[in-house]
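Under numbering that gives the first Met the number 0, the first residue of the sequence shown is numbered 0, with each subsequent residue one higher.
One or more hints might be untrue.
Lysine to aspartate or glutamate pairs mimicking EDC-like chemistry, simulated, CA-CA at most 16 Å apart [as the list claims (entries may be wrong)]:
#: 1; residue 1: 121; residue 2: 105
#: 2; residue 1: 121; residue 2: 102
#: 3; residue 1: 121; residue 2: 95
#: 4; residue 1: 123; residue 2: 95
#: 5; residue 1: 121; residue 2: 239
#: 6; residue 1: 121; residue 2: 83
#: 7; residue 1: 123; residue 2: 102
#: 8; residue 1: 123; residue 2: 72
#: 9; residue 1: 121; residue 2: 92
Since the hints were made in silico from the structure, they are not lab data. The model shown is predicted, which means the values in this text are computed figures rather than measured ones.
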Amino acid sequence: MSAFLARVLLILAAVSVCAAPSAAQPIAPMSAYEVDQAGYGRWIAQLSEIERPVHDALGSMQGYAQTLLESRDLSRTATDYRAEIRRHIATVDAVDARLAALETPEFPALQLPAEFSTAAVKRKVLEMNRHVRASLSSFIPLFDAIARRDLAAAQAANARSMEAVRLMMESQLLLVRASQAPLRRTQGAWHIVNIQVIYYRLVVRLIQDWPQAGRTLRQTAPLAREMNGLAAELDATASEGEARLEAELRLVRSMHAQAERRGDAARATVFRRSLAVMSEGRTCFPLAREFAALLRREAAALARGTLTPEAFVAMFQRFYAIRNRLGEIDRNIAEVLRRG
């Protein structure tokens with residue numbers, strides 16, 4: 000998702016270009032804040048790309064235990080999975096080596112909170128990867144037990160699998176929050192990113208209550224209250240963000256028209272691409288309202304009673320569909336940039 004956030008920063012670049020006093024003059028130089036904002040965004044995107052193989056490895060592990068129990072040749076399947084886990088561990092080690100070599104420049108103009116300095120973010124990602132490695136290593140003896148049709152081992156493997164998912168989501172939340180850190184709340188882009196922040200906050204919270212070993216969640220009221228709170232945040236960020244982005248769009252449209260009237264093809268192209276990216280980003284706000292409505296429906300259902308593991312999985316999948324649609328917006332923005 001961080002690739003999406005890096006692209007959102009193009010919205011800010013588009014608006015900052017409008018600082019030029021005349022379309023006949025060269026584009027105004029960026030301020031120190033804008034230079035550092037763009038630099039920090041590129042650094043986060045670089046770190047995210049390095050870390051991506053770890054997330055891909057964790058994502059591939061869902062359903063390991065169930066697949067093993069349904070296998071007709073448990074010994075062979077367990078052997079295959081052990082080899083796959085060892086490849087995942089090697090992936091984590093390779094990513095850590097690349098992260099260790101990643102420089103951590105400072106961006107003083109942003110005045111970032113200490114937790115979002117490049118050094119702090121890099122340390123946190125490396126720390127999470129250490130936990131990921133330990134979680135992966137613990138699967139190997141579990142697979143041996145599952146091959147003997149040990150039900151308790153299968154349940155333990157499922158728990159380990161959810162722990163791996165939790166680590167992946169916490170890592171994503173860290174990177175999304177870091178991407179939001181240099182943005183101002185007065186910018187439409189801050190609110191676009193905030194939709195993803197709220198999504199990952201929700202997922203991390205859901206995983207905390209994930210029913211293990213067939214247990215039913217009976218104390219659902221606290222989770223329902225938190226869902227309603229997140230829905231209110233989404234409504235607020237959709238309303239404010241949409242208004243901010245619409246104002247930015249009007250400004251860029253005006254500058255685009257001026258550039259075309261004066262025959263400034265280079266600047267007109269910059270504005271045209273910026274408008275395309277901003278227009279695509281705007282589609283996040285109706286989705287945020289749908290997300291809020293879904294949260295309220297799920298919260299109302301939770302308030303009526305308990306939550307079985309099966310119902311929990313179904314609810315999780317409904318929220319995951321929101322993530323897929325955010326990913327679709329990301330791909331659309333990427334296509335806009337590819338076309339130029």
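These are the hints, each one checked on the structure:
For the given pair, residue 121 sits about 13 Å from residue 105 by alpha-carbon distance, which is consistent with the 16 Å threshold. Of the supplied pair hints, the one linking residue 121 and residue 102 holds, its CA atoms being roughly 9 Å apart against a limit of 16 Å. As the CA atoms of residue 121 and residue 95 are separated by approximately 10 Å, the hinted pair is consistent with the 16 Å bound. The suggested pairing of residue 123 with residue 95 holds, with an alpha-carbon distance near 12 Å, which does not exceed 16 Å.
Proximity of residue 121 to residue 239 is assessed by CA-CA distance (about 32 Å); at most 16 Å being required, the pair is judged violated. Taking the CA atoms of residue 121 and residue 83, the gap is about 26 Å. The hint is violated against a cut of 16 Å. With a CA separation close to 15 Å, the supplied pair residue 123 and residue 102 stays within the 16 Å bound. For the suggested pair residue 123 and residue 72, the alpha carbons sit about 40 Å apart, so the restraint of at most 16 Å is broken.
Among the hinted pairs, residue 121 with residue 92 is consistent with the structure: their alpha-carbon atoms are about 15 Å apart, no more than 16 Å.
Checked against the numbered hints listed earlier, the structure breaks hints 5, 6, 8; every other hint is satisfied.
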